[in-house]
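J.: Residue-level listing of the chains:
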Amino acid sequence: MSIRLQDVTYIYMSKTPYEKAAIKKIDLEIKQGEFVGIIGHTGSGKSTLVQHLNGLLKPSSGMVHIDGQNIHEKGETARNAKRSVGMVFQYPEHQLFEESVYEDIAFGPRNLGVKEKEIETRVKKALDFVGLDFEKFAKRTPFQLSGGQMRRVAIAGVVALDPKYLVLDEPSAGLDPRGRDEIFGQIMNLHQATGITVVLVSHNMEDVARMANRLIVMNKGEILLDGKPKDIFCNHQAQLKEAGVDVPPLTLLMNQFKQRGLEIDSAVVDIATAAQNVYKAVRRG
Amino acid sequence: MGEFITVKDMCHTYLAHEGEEVQALDHINIAIGKGEFVAIIGTNGSGKSTLAKHLNALLIPSSGQCLIDGMDTKDQENLWEIRQSVGMVFQNPDNQIVATLVEEDVAFGPENLGVPPKEIRNRVTEALKDVGMEDYRQHSPHLLSGGQKQRVAIAGVLAMRSNCLVLDEPTAMLDPQGRQEVLSTVLRLHREQNITVVYITHFMEEAVAADRVIVMEQGKVVMEGVPKTVFSQVNRLKELGLDVPVAAEFAYRLRQLTMKIPEDIITDTELVVAVCP
Ligand SMILES: Nc1ncnc2c1ncn2[C@@H]1O[C@H](COP(=O)(O)OP(=O)(O)OP(=O)(O)O)[C@@H](O)[C@H]1O
Ligand SMILES: Nc1ncnc2c1ncn2[C@@H]1O[C@H](COP(=O)(O)OP(=O)(O)O)[C@@H](O)[C@H]1O
Ligand SMILES: [Mg+2]
Ligand SMILES: [Mg+2]
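Residue numbers (the UniProt record's numbering), protein chains in the order written: chain F, 1 to 285; chain P, 1 to 277.
Keep in mind the hints are simulated off the structure, nothing from the lab. As the structure is a prediction and not an experimental result, all values here were calculated from the model. A couple of the hints might just be wrong.
[What the hints assert, rightly or not] Within a straight-line C-alpha distance of at most 25 Å, the following computed DSS-like cross-link-like pairs (lysine-lysine) qualify:
#1 Lys238/P - Lys136/F
#2 Lys258/F - Lys280/F
#3 Lys258/F - Lys260/P
Given the sequences, and given the hints that come with them, work out the whole structure.
T.: Here you go:
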């Protein structure tokens, strides 16, 4: 079971002077149960790439299979394959359209034929997932919410679909620090509890490093690196720089300690462990 | 330093569904000096954007007062002067573009003000130079990176000759490099042209650059002070659902491990020097 891209190229404004190959000859297989992080400079093709995972964009050349099904064939099976992918867009307001928060989240499951009683349960669970109080928010109009609240409703709408593959394009933009931590925590829990496949596009290296078990670095429409996050952050810093990707702020800080002569393992992704390492190194002298 | 923004006992109530009221601002008092750089942080829904919209009279107070350079936002006759002196930059770079060329985009504001064409050309040149985008005059804004688009939006404000910039999460959609571009542009304008800046952000590392930080929660101002005072209160900020810069949290952890580290460390350099003198 997997999403598989074979030799996928996508060209925007094809056959015009503005023609732009946003991704080039991408071969990629995302297996069920993986947690894949995607990073890269703005314009490197991340959003274009993930929009192929649910057939939102059709490759200019190449093929996309979900669980063995070519998703650009006609018919019910291809449609169902696409539906197994839930996608949170980069701009959440593009995803909201109903009169109330409740209806907005209920729309997707209802379309999938979920029964009305089960829908209410799902809406409640989804709002809880994103840290919004049901009583307070269910009847509100999605367009009259704060930016971060809107983002949360957009995520809830996709979680309520209970997708097999969950794709999130910069989901933390506009979330406050606790909201970001809690929602990412929820995604981690969901991943661990249900084995849901997660694809996360993020500028926040720390989040990717902490959560993903596989990291893909995009550069100019191509996959530059594909491997374990720790390995990439520690051993490929030059290539990351070439791709215009910054290493996590914590890694930078640890590098500075190293330069001052502290003997520490800089390959850590959480502050608590990092502080312990520095403390021990200082005590050793 | 004279006061540029004075908010007195201001409340704002939105009418939501079925006549239900949402109190977004709850008796706010704020004074911001001419040429000051103030960062505003706070959880989702705490009222930051609502406050920002009062600063150029997109909203008017339900009660209390909002004065911009002494002008009351409630008085209709002040509207144009307030809108001209306070420029807004929002989160989504794509929603702010109005023209097909960068220079037309920057000229849009002054054109609406009826500024003569020759003067507009000068202003556009100057504004694009100020944000480091002079080479992109003839480019299509849609093909720029997010950071470049935001700098064009800032140039648009400068071309209006505004002396106050209100930025509502200008870097939320950007990658680290774009974020850096925008923040350093704003800092430079603040330093070199004495522009008053109100900067809303969820990135604590950005708020550290401000002269003063205001923390909002449920429509109220709950903390206020220079970055060092605010960000050294690690526990309090975490209770509020906020965060502190990496260095501040790192220092806090080291203190818990009984290391002697000064209380007011908020940057990497300060921390490294304190640990390895
Ligand atoms: N147009 C509106 N109509 C009704 N209520 C609104 C409207 N806009 C905002 N609100 C409510 O007012 C409160 C404050 O919203 P505001 O947008 O000012 O928050 P914020 O601090 O900017 O949050 P964020 O960090 O998510 O951007 C929230 O509870 C929000 O739901
Ligand atoms: N709708 C579009 N029309 C034309 N060009 C586009 C469009 N969307 C993206 N592009 C271009 O394709 C390239 C990749 O963009 P994108 O996939 O959005 O990158 P990322 O998500 O990594 O920032 C960029 O050069 C961008 O300008
Ligand atoms: Mg993108
Ligand atoms: Mg806001």
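J.: Next step is simple, just say for each hint if it's right about the structure.
T.: Hint-by-hint comparison with the structure:
Taking the CA atoms of Lys238/P and Lys136/F, the gap is near 24 Å; set against the 25 Å cutoff, the hint holds. At roughly 13 Å between alpha-carbon atoms, Lys258/F and Lys280/F fall within 25 Å of each other, so this suggested pair holds. Of the supplied pair hints, the one linking Lys258/F and Lys260/P holds, its CA atoms being roughly 20 Å apart against a limit of 25 Å.
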